[in-house]
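Asks: Work the whole structure out from these sequences, hints included.
4 protein chains.
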Amino acid sequence: MPQQTGFFPPRSVSGRAALLPEPPWHYSGDLLTIEYRVDPHRIRELLPEPLGLAEEDPGAVAFIWADWQSCATDKAQLLDPVRGQYKEAFVVVRCSFEGQTFSRCVYIWVDSDFAIARGLHQGYPKKLGAIHMTRPHPYGPAPRVAPGGQFGASLAASDRRLAEAVVTLTEEVPSNGFVNGHPMAHNRFVRDIQDPSVMRLDEIISTSSASFEAGPAFAADIDHFALLPAPTEELDLLAPEEFIGGYYRQVGVTWNGGQLLHDNLGGTNA
Amino acid sequence: MPQQTGFFPPRSVSGRAALLPEPPWHYSGDLLTIEYRVDPHRIRELLPEPLGLAEEDPGAVAFIWADWQSCATDKAQLLDPVRGQYKEAFVVVRCSFEGQTFSRCVYIWVDSDFAIARGLHQGYPKKLGAIHMTRPHPYGPAPRVAPGGQFGASLAASDRRLAEAVVTLTEEVPSNGFVNGHPMAHNRFVRDIQDPSVMRLDEIISTSSASFEAGPAFAADIDHFALLPAPTEELDLLAPEEFIGGYYRQVGVTWNGGQLLHDNLGGTNA
Amino acid sequence: MPQQTGFFPPRSVSGRAALLPEPPWHYSGDLLTIEYRVDPHRIRELLPEPLGLAEEDPGAVAFIWADWQSCATDKAQLLDPVRGQYKEAFVVVRCSFEGQTFSRCVYIWVDSDFAIARGLHQGYPKKLGAIHMTRPHPYGPAPRVAPGGQFGASLAASDRRLAEAVVTLTEEVPSNGFVNGHPMAHNRFVRDIQDPSVMRLDEIISTSSASFEAGPAFAADIDHFALLPAPTEELDLLAPEEFIGGYYRQVGVTWNGGQLLHDNLGGTNA
Amino acid sequence: MPQQTGFFPPRSVSGRAALLPEPPWHYSGDLLTIEYRVDPHRIRELLPEPLGLAEEDPGAVAFIWADWQSCATDKAQLLDPVRGQYKEAFVVVRCSFEGQTFSRCVYIWVDSDFAIARGLHQGYPKKLGAIHMTRPHPYGPAPRVAPGGQFGASLAASDRRLAEAVVTLTEEVPSNGFVNGHPMAHNRFVRDIQDPSVMRLDEIISTSSASFEAGPAFAADIDHFALLPAPTEELDLLAPEEFIGGYYRQVGVTWNGGQLLHDNLGGTNA
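Chains as they are written, first to last, in this note's numbering: chain F, 13 to 282; chain B, 13 to 282; chain W, 13 to 282; chain A, 13 to 282.
One thing to keep in mind: the hints can contain errors.
Since the list gives no way to pick out one identical chain from another, each pair is judged satisfied if it fits inside one copy or across any two copies.
Only pairs whose alpha carbons sit at most 25 Å apart, straight line, appear in this in silico SDA-like list of lysine to any residue [unchecked claim]:
{"no.": "1", "residue 1": "87", "residue 2": "220"}
{"no.": "2", "residue 1": "87", "residue 2": "160"}
{"no.": "3", "residue 1": "87", "residue 2": "54"}
{"no.": "4", "residue 1": "87", "residue 2": "67"}
{"no.": "5", "residue 1": "87", "residue 2": "236"}
Calculated directly from the structure, the hints in this document are not laboratory data.
Replies: Structure (structure tokens):
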């Protein structure tokens, strides 16, 4: 009797058709970050029980654009790049759970199906979007990753522009922000097919990078940043009241799973 | 303490940003179907326990292209059509569970994120693809839905063509095939975030249309049908050994949930 | 010595790789039209010498969305629909030349390369855009082409929404507007490669349909119409001051060339 | 009387809506090149009179993938990157005209409308395609621009894969090939709107870079290279008979016009 394999649907005997290969997943990418503050009430609204606001700087938000190349262990996706390259734009806030501070992605758009599928496993609330970022380059008019380098970025979904930014790098700094620096606390849920008000799975998980390397972080002046309204989005509710700073950094990351934080159907660490 | 709402992530107080509105979901669309037979072993490989082969004609397959306009109850997606139109191409086989015959979608590609998300709720193993279908039209060179009308269709993913067909309608017939005519038996599973070899949810559900209306079904000659190889697909394992028939039909469908058939973690009808 | 053939680049011995097949080109499609008036000065600005404003109703504008299936004589593009289907949104005004009234497309967006190439031959100033239109359908929630049918449409380019409309059909009328009803007067120009302020070709041509068939035209209430600003567009300069009417019609059209109206480098009918 | 401006249609008083800004155009990009030989007859077929085969190595071909960021003088397109980034894949051969050797692009695919429009001015026979290239990155699994770095690339059009390559960098070399190293000799033509067998413009132009800077060129082993058939392409007629070499290089380029080589309607240097 043949056994089905595959990390994610569709499954088959060989597992070859699965939308996702098995972790670990490896990433090379550039991060353009805008950190700012909103009324903490805006963040509180996006935190389901039992998560609460972070104790320090509870209104801090990071809006991040990322340009990724990703692959599984055999690197096949790197060499057939339509299967491994993607871009994303996402909003990270912080929250507390049982006295610990976590980061949490509240909105995220990507431009590939495999990135959506990874997000389902990892608890990211992904939608498809159109994301563009200026890329650094050593020759010609494109910017270098160095003071004076100017980078733009945009996000659209459903043919509406949702966010855009322009930043100018100023100087090296120890890190590219603090809002996205904690382990992530993310919800995963599946509704009952008969009574969708009932959850078949409802849990909070935590995930972090399994390994991380990076170039120097650069602070950046925020020349332009706008969050634009759309009928099916609520990004504009998170419009900045006060800017913290802009950042740019090139990183290499490996992701390889996480831990269950809370089973909303049955208690912590069920 | 604000409560989060939204049928699907991302959730918020208003639920406005959710990728999916609540069911029921309503659809208008055209279906181009190619039915054929393969060695039943090819189908057996795609059926996880406790599903088995259908008793009659166990090697029958339906390859279906569909061009949909879809919406929730308020029809908002119809009038902002980037949010409601999508196309799909999918492969349906039949299976048996506890003596009853079910249809089962084993591969499916769509061209929107909301269609992927619906598929996650409904147990369809969706990927993104590029799908094109000739559309009927009453004037000019495009075909009518009538004998002699000729329709083409194609499917690609990751910049590779995976399937293509051309059919010519011949005569009205009672139905547009039998392979996709049963309730669907689909798996839904979520892997543990710490040990992904463990399932947190693993179930078989059944779903059907809540309502259905349709125009006449037309039989069609199959002028061309090809399933093409790709490094991350296994469609070509389902290449036809014998054709059953081609079909075209315009339909209106409502979907509104289903039933749990089997909890693989805990027994039937848990 | 082999001869190169092909209606449009790239050319080759067989001509098979040419982006365009030879005319005549045949079209089946649906047209959603919004007619309105602006200050005639706004239109005057878009008419190069020797074109002038139309004598009657010189401020009339038609904004048209069209959903096309197109093909050459052998219909190959209909049956491999990725090569023949496209959508467009365009703005038509009227003008006069030597005492005759012409229609003139001043802005147009399409979603395929072959449509851009046809536009170069025909003098349409095409850009790529993302265009969506509600499609009529006989079953389910989508509208019928009949009184009460409600249709939406949108246009975006460079990830910014540029235009959107919603109309509700009311009653049959003799035609779907008058602004796009004349032969087209379009400019074609090619700049010198050494001194681009010099034109190598600069002419005004006229083209019409070679044949035309259509279903009933329907008048429509304009429930919503918006032209939105963008840094590289000037659509918002053509915002309506007064609406004339909305229309919907299904048509079949053949295009097969036109006439030279004026050679700007050397006189009329050179 | 208002004057229309704009380098390319659509034109307006401000010129703001034009699809192209005025040259010079500036580019930063990466080039992955595969050079090889075919039967010179295959190249002869693609050279219109009065161009002839190059005297030395007349069967040499370069297949090049390029990942570009481009802008006009004000760099606006760099900071709204959806308006300036694009990728292309193209085939270059060599030819002779009046005793001088030129390069000539015989097939090219790009993924933006502004790149198509530039190509019309420059005489490149552009179509839309889907192009992907591995990008170098200093961290994580993506390759460095250094010996051992492995890069993949693909091209598709009309949902069919047309070309793919994988190369591994081996050592620094003086240049990234010779086939694309001459001034380009390109045809530009516009057909008469009434009698399309008559040309209104038909000329051969030559263009080169106005300035050029570059990093080290790297030779590369060709791990994989395939040209695939498609019903509307003739790339497979240029399948390699013998490989010359693979190359990778990062460059900065400015383009600012060229010269008329030959007016096919009226003689050389008309």
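Asks: Can you tell me if residue 87 and residue 220 fall within 25 Å by alpha carbon in one copy, between copies, both or neither?
Replies: Only inside one copy: residue 87 and residue 220 sit 21 Å apart there, 38 Å across copies, limit 25 Å.
Asks: Pop the pair residue 87 and residue 236 into one bin, within, between, both or neither, using alpha-carbon distances up to 25 Å.
Replies: Between. Shortest inter-copy distance 15 Å satisfies the 25 Å Cα cut-off; intra-copy 37 Å does not.
Asks: Please sort residue 87 with residue 54 into within, between, both or neither, judging by C-alpha distance up to 25 Å.
Replies: Intra 41 Å, inter 29 Å, cutoff 25 Å: neither.
Asks: Between the shortest in-copy and the shortest cross-copy C-alpha distance, which are at most 25 Å for residue 87 and residue 160: within, between, both, or neither?
Replies: between (34 Å within a copy, 14 Å between copies)
Asks: How would you label the pair residue 87, residue 67 (within, between, both, or neither) given a Cα cut-off of 25 Å?
Replies: Neither: 41 Å inside a chain and 43 Å across chains, both beyond 25 Å.
Violated hints, in rising order: 3, 4; the structure is consistent with all others.
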